[in-house]
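Q: I would like the entire structure built from these sequences, with the hints used as guidance.
Those protein sequence lines, which keep their order, are chains A and B.
Numbered according to the numbering used here, the first sequence spans residues 1 to 452.
Numbered according to the numbering used here, the second sequence spans residues 1 to 450.
Fair warning: there could be bad hints in the mix.
[As the list claims (entries may be wrong)] Computed Cβ-Cβ distance ranges for the label pairs, DEER-style:
#1 A:Phe181 x B:Asn91: 52 to 62 Å
#2 B:Gly346 x A:Cys437: 55 to 65 Å
#3 A:Gln212 x B:Glu374: 40 to 50 Å
#4 A:Cys437 x B:Asp354: 35 to 45 Å
#5 A:Ser95 x B:Ser118: 47 to 57 Å
These are computed hints drawn from the structure, not numbers from a lab.
We put the beta carbon where it would ideally sit given N, CA and C, even for glycine.
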Amino acid sequence: MELRLDIPEREKFIKMKGKHHKKEFICNTDSVAGSVSQRACVYSGARVVLNPIEDAVHLVHGPIGCASYTWDIRGSLSSGSELFRNSFSSDLKESDVIFGGEEKLSKCIDEIYEKYKPKLIFVYSTCIAGVIGDDIKAVCKESSKKYNIYVVPVESSGFIGNKAAGYKAACNSLLELIKEFPVLKKEPLSINYMGDFNLAGEAWIIKGYLNQMGLKVNTIFTGDSNFESLKKSTASSLNIVQCAGSMTYLAKKFEETFGIPYMKVSFLGIEDTSNSLRKIAAFFNDKDVMLKTEKLIEEKTKMAKPIIEKYKRYLKGKKAAIFVGGGFKAISLIKQFRELGIDVVVIGTQNGQKDEYEKIEEIADYGTVILDDANPSELEKFMVEKGADILAGGVKERFLSYKMGIAFIDHNHDRKHPLSGYEGAINFAEEVYTTACSPVWKYVKDGVDKYV
Amino acid sequence: MYETYKNVNENPCNMCMPLGGIIAFRGIEKSMVLLHGSQGCATYMRRHIAEHYHEPIDVASSSLNEKGTVYGGEKNLIKALDNVIKVYNPNCIGILTTCLAETIGEDIDRIKSEYKASRNISIPIITVPTPGYGGTHSEGFVKTSYRIVEELLTNKERHDRINVIVPNISTADLREIKRLLELMKIPYILFPDYSDTLDSPFNFPYKKIPDGGTKISDIMSMGGSIATIEIGINYEETPGKYLQDRFDVPLYKVPIPIGLRNTDRFLKLLNEITGNPIPKSIEMERGRLLDGMIDSHKYNFEGRCTIFGDPEMVYSVFTTCMENGIHPLLIATGSKAQRLKELIAGENNPLDDDITIVDETDFSRILKLSEEKEVNIAIGPSDGKYLTEKGGIPLVRLGFPILDRVGGQRILSVGYTGTLNFLDRITNTLLENKYKTYRKDMYEKYYKAM
Numbered sequence: 001m002e003l004r005l006d007i008p009e010r011e012k013f014i015k016m017k018g019k020h021h022k023k024e025f026i027c028n029t030d031s032v033a034g035s036v037s038q039r040a041c042v043y044s045g046a047r048v049v050l051n052p053i054e055d056a057v058h059l060v061h062g063p064i065g066c067a068s069y070t071w072d073i074r075g076s077l078s079s080g081s082e083l084f085r086n087s088f089s090s091d092l093k094e095s096d097v098i099f100g101g102e103e104k105l106s107k108c109i110d111e112i113y114e115k116y117k118p119k120l121i122f123v124y125s126t127c128i129a130g131v132i133g134d135d136i137k138a139v140c141k142e143s144s145k146k147y148n149i150y151v152v153p154v155e156s157s158g159f160i161g162n163k164a165a166g167y168k169a170a171c172n173s174l175l176e177l178i179k180e181f182p183v184l185k186k187e188p189l190s191i192n193y194m195g196d197f198n199l200a201g202e203a204w205i206i207k208g209y210l211n212q213m214g215l216k217v218n219t220i221f222t223g224d225s226n227f228e229s230l231k232k233s234t235a236s237s238l239n240i241v242q243c244a245g246s247m248t249y250l251a252k253k254f255e256e257t258f259g260i261p262y263m264k265v266s267f268l269g270i271e272d273t274s275n276s277l278r279k280i281a282a283f284f285n286d287k288d289v290m291l292k293t294e295k296l297i298e299e300k301t302k303m304a305k306p307i308i309e310k311y312k313r314y315l316k317g318k319k320a321a322i323f324v325g326g327g328f329k330a331i332s333l334i335k336q337f338r339e340l341g342i343d344v345v346v347i348g349t350q351n352g353q354k355d356e357y358e359k360i361e362e363i364a365d366y367g368t369v370i371l372d373d374a375n376p377s378e379l380e381k382f383m384v385e386k387g388a389d390i391l392a393g394g395v396k397e398r399f400l401s402y403k404m405g406i407a408f409i410d411h412n413h414d415r416k417h418p419l420s421g422y423e424g425a426i427n428f429a430e431e432v433y434t435t436a437c438s439p440v441w442k443y444v445k446d447g448v449d450k451y452v
Numbered sequence: 001m002y003e004t005y006k007n008v009n010e011n012p013c014n015m016c017m018p019l020g021g022i023i024a025f026r027g028i029e030k031s032m033v034l035l036h037g038s039q040g041c042a043t044y045m046r047r048h049i050a051e052h053y054h055e056p057i058d059v060a061s062s063s064l065n066e067k068g069t070v071y072g073g074e075k076n077l078i079k080a081l082d083n084v085i086k087v088y089n090p091n092c093i094g095i096l097t098t099c100l101a102e103t104i105g106e107d108i109d110r111i112k113s114e115y116k117a118s119r120n121i122s123i124p125i126i127t128v129p130t131p132g133y134g135g136t137h138s139e140g141f142v143k144t145s146y147r148i149v150e151e152l153l154t155n156k157e158r159h160d161r162i163n164v165i166v167p168n169i170s171t172a173d174l175r176e177i178k179r180l181l182e183l184m185k186i187p188y189i190l191f192p193d194y195s196d197t198l199d200s201p202f203n204f205p206y207k208k209i210p211d212g213g214t215k216i217s218d219i220m221s222m223g224g225s226i227a228t229i230e231i232g233i234n235y236e237e238t239p240g241k242y243l244q245d246r247f248d249v250p251l252y253k254v255p256i257p258i259g260l261r262n263t264d265r266f267l268k269l270l271n272e273i274t275g276n277p278i279p280k281s282i283e284m285e286r287g288r289l290l291d292g293m294i295d296s297h298k299y300n301f302e303g304r305c306t307i308f309g310d311p312e313m314v315y316s317v318f319t320t321c322m323e324n325g326i327h328p329l330l331i332a333t334g335s336k337a338q339r340l341k342e343l344i345a346g347e348n349n350p351l352d353d354d355i356t357i358v359d360e361t362d363f364s365r366i367l368k369l370s371e372e373k374e375v376n377i378a379i380g381p382s383d384g385k386y387l388t389e390k391g392g393i394p395l396v397r398l399g400f401p402i403l404d405r406v407g408g409q410r411i412l413s414v415g416y417t418g419t420l421n422f423l424d425r426i427t428n429t430l431l432e433n434k435y436k437t438y439r440k441d442m443y444e445k446y447y448k449a450m
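A: Laid out in structure tokens, this is it:
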């Protein structure tokens, strides 16, 4: 199979397992102009990371679009405040672009404080705020002082990089905020859970496991978190990182700043979940924790395995393509598809890192196509050539998949069922079955005999 | 009566200009859109449009990075044009600017001209300045339609067709308008016709650019049509006006034909312009609508309504409510809507409803006013789910975008048949809500309290 593309510049972003490539594989760089990249922007990266902090006000300093397209964007669930589900914008207009928007921003914060009295406001920079040179930091500082609350700037101007730069900006804002709080004494069996945004209650599932293992979860970054819970994060003895793309940076900073070590974990699929729980238990090296962990794994596996085996009977031998945001998630998905007897033939990510792509290549089957920052036309080409039956991806990929007559798994922000842990593994299997074995595909036929 | 100017927008009731531009360009056959700006804009708008239409929406971006922002984005734009042509081989390319491109002052017309000359490219490349801060998606749609007509119109040669220019209405509505034109045996050019491109049938093999759209040759000859019927009343700088000013094509502006009067007006106008009679079958549809209006008039009288969304849609929903005894108490739009305000203020108000109109507004204000006015039904796009969640106000979904239901693109509301569909949806929502608590309410009111 040829890896030749209409846009030759894109060829260096693509490789095939087992095939020798003349050019070096490139990732984590600017998108090729006009390639119809599926990537979002810096601001979006920052917003999705911070948005689940539920009693904070999320104020976008920019033109209306940025706030409009991200209103209530992530299906994060909250056990407390719902304030985060609003989208606030300084709604910059032409005159603000010409004369500057600092004053308007300051007034916006006044109005928000007046109405909601929040303890925490995140102010996101956008392309325009950046390019007109508004001093957001100064405005935030002044407002913080004025109301004695935390008004935290997020440096997320869209053009400074890609979504990953936004994750970093969000982590920096979180770190700056946490540094302002008193550093707490370490609690021995306690943990921060990073990189879970509590989509459809995923963080609750994992928190439940950790509690059953005898561990205390101080802070989740950022699913179902709030101002008070963020304050507790420095008391933890370990950070575990699920969404590696967005939160590894924060975990590293926590290690540097507060001396809290971190480990990467994954709770997608039975195999990864069990391995991760064992890894966490081993870290604490506590007999009671280890025993409880083994008990939990045994019980949950016993519950989930037979259900997954049932679906596997229908799914064995099918072929899947993956196109998701981060590399670590893609790696987990490969394993999860394998648990169902499904081979992965195309793997792509929007923002995967070099080491993640190396790992992907290591575990992928021979002939698997691996692509960074893929576009619809490449996804279409390789899904057809490799005969994919299922695609796992985000909202934009869903309609491409359906239009091609290919089943689809929603690995996006607003999914309505959790995919984490054992419960999530069952949901995943069920979803794959639901889409791959739907009767509708029977009618999706080509040619003159298509009339049934 | 309501809070005055505020700086912060809390839960936006509108999107930005380029989004409307993308939809308008989708109405040209085999066209492709390129946003000149940072990558995120294209992705967000694609996601929004895709979720409404349930269609793949490919929109390219010049993906401006820091360097492009500081030193100019010409190189990115040229590369993007090259790549779009290579992959999509379109018959027409639309370049929409974004906030970023406008703020750094990109001269896209010069870049385009030099590009076309240097690459020897003959397909039209149409530039539209659509800074997000310059207006809403509604304005973006109109401005883009204007620019397309302005750029493509060359042919003055007279012919017997009429132009029908549409605002952002559903694909089902577009098809209904075409059906009515065909029933009246009127040759027409519908522009921009995205009824197939944004609601394309399943078919093998997959096409990167779906079939359909107004043919470029048709757009070119809109200057020779016998008349233009432009659906939309709120905007002045419209393609219809351009056709009238530059090509002497008589212009007739009408509201979206939702409601009895608006549909009458549309069909009567067609009849007056062409002399073609309104056929019996359409008359039957009108009779059925009237019959339905009578059937549900008492239920409808209980409706206390908030109407929000694009100005054009809001106006026709308003008049439909007025003719059915549904009390339109709050009319709201995120766009600037001076003309809409005047028209609503000028409307005969036989039920003496206390009608409030707000433009350039947000959902926090819409909710507040709706609660003050004790509204019991809202009509508009799906972001109005906020009114349901926070205020318990049931929502009849209509317009763009509808992100939380399937079939938003197929909602039929124009013409007599569409109006009746729409009216039934309103009435049934009122009934559903009433019956939900009816027994309990009566018990509380007349048994316990007496």
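Q: For each hint, tell me whether it holds in the structure or not.
A: Against the structure, the hints:
In this structure, Phe181 of chain A and Asn91 of chain B meet the distance hint of 52 to 62 Å, their C-beta atoms being roughly 59 Å apart. In this structure, Gly346 of chain B and Cys437 of chain A meet the distance hint of 55 to 65 Å, their C-beta atoms being roughly 59 Å apart. Between Gln212 of chain A and Glu374 of chain B the C-beta distance comes to about 49 Å, which sits within the given range of 40 to 50 Å. Checked against the hint of 35 to 45 Å, the pair Cys437 of chain A and Asp354 of chain B fails, with Cβ atoms roughly 56 Å apart.
A hinted range of 47 to 57 Å is violated for the C-beta pair Ser95 of chain A and Ser118 of chain B, which are about 37 Å apart.
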